[in-house]
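FYI, the numbering for the sequence shown is 1 to 464, going by full-length UniProt numbering.
Since the hints were derived computationally from the structure, they do not count as laboratory data. A few of these clues could be false.
Distance condition first, Cα-Cα at most 25 Å in a straight line; then the derived SDA-like pairs of lysine to any residue [unchecked claim]:
1. Lys55 <-> Arg375
2. Lys281 <-> Cys258
3. Lys253 <-> Ser305
On a predicted model such as this, the values are computed, not experimentally measured, just so you know.
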Amino acid sequence: CIYYKCLETLTLFYVQGSMHNYKAFIIYFTLLTFKCYYSDSAYISPTDSTFISPKELQLIEQTLKWPAPPTSVTAVNQSTSPYTSSYIFQNPRTSYSVGDIISVVITARDGLNNSKVYGGDFFQAKLFNTELKASVYGEVVDHLNGTYTANFKLLWAGQATVAIRLIHSSEAVEEKVVCNAQRSERLLKASHCCCEYRHPITGESWICRRPNHLPCMNVTCVPGLDTPSPAGFYLHDNWTSLMCHTQSFHTIKQTVACLKDKQVLMMGDSTLRQWYEYLLKTVPSMSYMQNITEKAMLKKILIHSLDTANNIRLVWRAHGLPIRTSLTPRADLHYIASEVDALAGGQHSVVVFTIWAHFTTFPLATYLQRLAGIRRSVLALLQRAPQTLVLIKSANTGYKDIYGSDWLSWQLDCALRVMFRELPVVIIDVWQMTSCHYLPDDIHPSYKVIKNEVDLFLSFVCPR
Numbered sequence: 001c002i003y004y005k006c007l008e009t010l011t012l013f014y015v016q017g018s019m020h021n022y023k024a025f026i027i028y029f030t031l032l033t034f035k036c037y038y039s040d041s042a043y044i045s046p047t048d049s050t051f052i053s054p055k056e057l058q059l060i061e062q063t064l065k066w067p068a069p070p071t072s073v074t075a076v077n078q079s080t081s082p083y084t085s086s087y088i089f090q091n092p093r094t095s096y097s098v099g100d101i102i103s104v105v106i107t108a109r110d111g112l113n114n115s116k117v118y119g120g121d122f123f124q125a126k127l128f129n130t131e132l133k134a135s136v137y138g139e140v141v142d143h144l145n146g147t148y149t150a151n152f153k154l155l156w157a158g159q160a161t162v163a164i165r166l167i168h169s170s171e172a173v174e175e176k177v178v179c180n181a182q183r184s185e186r187l188l189k190a191s192h193c194c195c196e197y198r199h200p201i202t203g204e205s206w207i208c209r210r211p212n213h214l215p216c217m218n219v220t221c222v223p224g225l226d227t228p229s230p231a232g233f234y235l236h237d238n239w240t241s242l243m244c245h246t247q248s249f250h251t252i253k254q255t256v257a258c259l260k261d262k263q264v265l266m267m268g269d270s271t272l273r274q275w276y277e278y279l280l281k282t283v284p285s286m287s288y289m290q291n292i293t294e295k296a297m298l299k300k301i302l303i304h305s306l307d308t309a310n311n312i313r314l315v316w317r318a319h320g321l322p323i324r325t326s327l328t329p330r331a332d333l334h335y336i337a338s339e340v341d342a343l344a345g346g347q348h349s350v351v352v353f354t355i356w357a358h359f360t361t362f363p364l365a366t367y368l369q370r371l372a373g374i375r376r377s378v379l380a381l382l383q384r385a386p387q388t389l390v391l392i393k394s395a396n397t398g399y400k401d402i403y404g405s406d407w408l409s410w411q412l413d414c415a416l417r418v419m420f421r422e423l424p425v426v427i428i429d430v431w432q433m434t435s436c437h438y439l440p441d442d443i444h445p446s447y448k449v450i451k452n453e454v455d456l457f458l459s460f461v462c463p464r
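All chains, full assembly: derive it from the sequences and hints.
Following this line, the structure appears as structure tokens:
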């Protein structure tokens with residue numbers, strides 16, 4: 001069996017100051033380095049799926065291309081260090097107006113205080129004001145010479161604070177690429193130790209270890225909007241989108257009016273289940289359907305709720321394997337493509353899905369194949385029922401451990417956007433919404449963030 005193990009070292013460093021005098025600013029750097037041991041680094045071809053053209057695959061590879069260090073480092077102090085890196089404002093002025101752009105130039109240095117001469121560090125940047133509960137995403141440009149520019153659009157009047165986090169040094173990113181093994185014990189073929197199960201409709205395959213005293217067959221088989229940068233900003237804890245006209249659904253009456261006569265199918269992971277749970281709390285007339293099994297409720301694999309008075313049906317279902325959760329019957333996990341294929345669709349149908357968080361520990365090829373199958377099913381749905389609204393929740397920030405790095409999430413998110421760019425679907429960009437919020441990053445964002453995410457979702461369901 002192929003295996004790997006990564007050891008993590010985490011350092012957090014910050015310097016705080018006031019933005020008012022343009023001299024000192026708050027800056028957060030997170031240095032994350034890895035030592036990886038692996039027994040086989042052989043690559044699998046990016047995808048064997050016939051649903052991804054060579055041209056599209058090339059575009060995905062170009063989108064995800066990341067500059068690698070020219071040489072390998074042998075010590076942590078040779079990687080980018082938060083203690084020695086510095087920043088300055090580019091062409092600072094004595095005053096700024098709402099709508100202006102400010103730029104911060106970051107100079108990366110290693111632990112020995114040597115200036116870096118190549119790029120590849122993964123930064124996240126935001127501008128925020130905790131008193132106004134305002135924040136906006138900052139786009140970071142890599143100049144590939146050890147310097148970076150973080151650009152912020154000023155979207156509210158008053159003071160603000162800059163926060164820049166070094167999520168991974170370029171050297172850590174390089175190790176991440178290796179650790180995200182192209183082969184692992186999770187990706188084996190059927191053999192004496194393993195069973196391979198292939199879905200007859202989607203073509204998806206999944207491999208598990210063979211039971212000690214049973215044959216494999218003894219287990220029953222179960223059958224384009226561009227996102228601007230910034231995409232929006234927070235003010236008084238309300239998100240204002242710069243992509244379209246958004247609404248705030250503050251009352252039960254507003255939310256019910258939007259969802260009336262709608263069937264909403266949500267499929268994905270726990271970050272989307274937060275939307276479902278929020279709507280259930282927001283609309284007290286929603287109640288669980290009686291046919292839901294206690295087992296499914298406890299494991300939160302499949303949840304139905306209904307508002308008969310307003311003809312609202314809300315369903316949340318976990319996506320198919322891989323999914324990192326407690327022991328779950330395989331029959332309870334359905335592929336998104338299969339669920340979409342089973343839908344009639346129409347003007348009263350809303351489909352929203354997300355799929356990324358449980359794929360960060362698997363090769364890109366596995367993810368692309370899954371997306372290709374989902375895309376085919378979504379396209380077929382829109383062809384037979386073009387009035388169906390299909391939305392995709394993007395990845396969000398918050399993964400800061402070895403198994404779920406923000407950099408790996410970002411790679412998957414970029415691939416998803418490329419693959420669905422030409423389809424008439426809505427991508428709800430929550431990456432910026434979670435990255436720039438003044439509260440600490442969390443893979444499961446706070447209630448305040450979830451409310452704004454759901455408001456954006458409902459703004460597309462009920463455009464005004």
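Against the structure, the hints come out as follows:
Taking the CA atoms of Lys55 and Arg375, the gap is near 16 Å; set against the 25 Å cutoff, the hint holds. For the hint linking Lys281 to Cys258, the alpha-carbon distance of about 16 Å falls within 25 Å, and the restraint holds. Taking the CA atoms of Lys253 and Ser305, the gap is about 18 Å. The hint holds against a cut of 25 Å.
Hint check: no violations occur; every hint is consistent with the structure.
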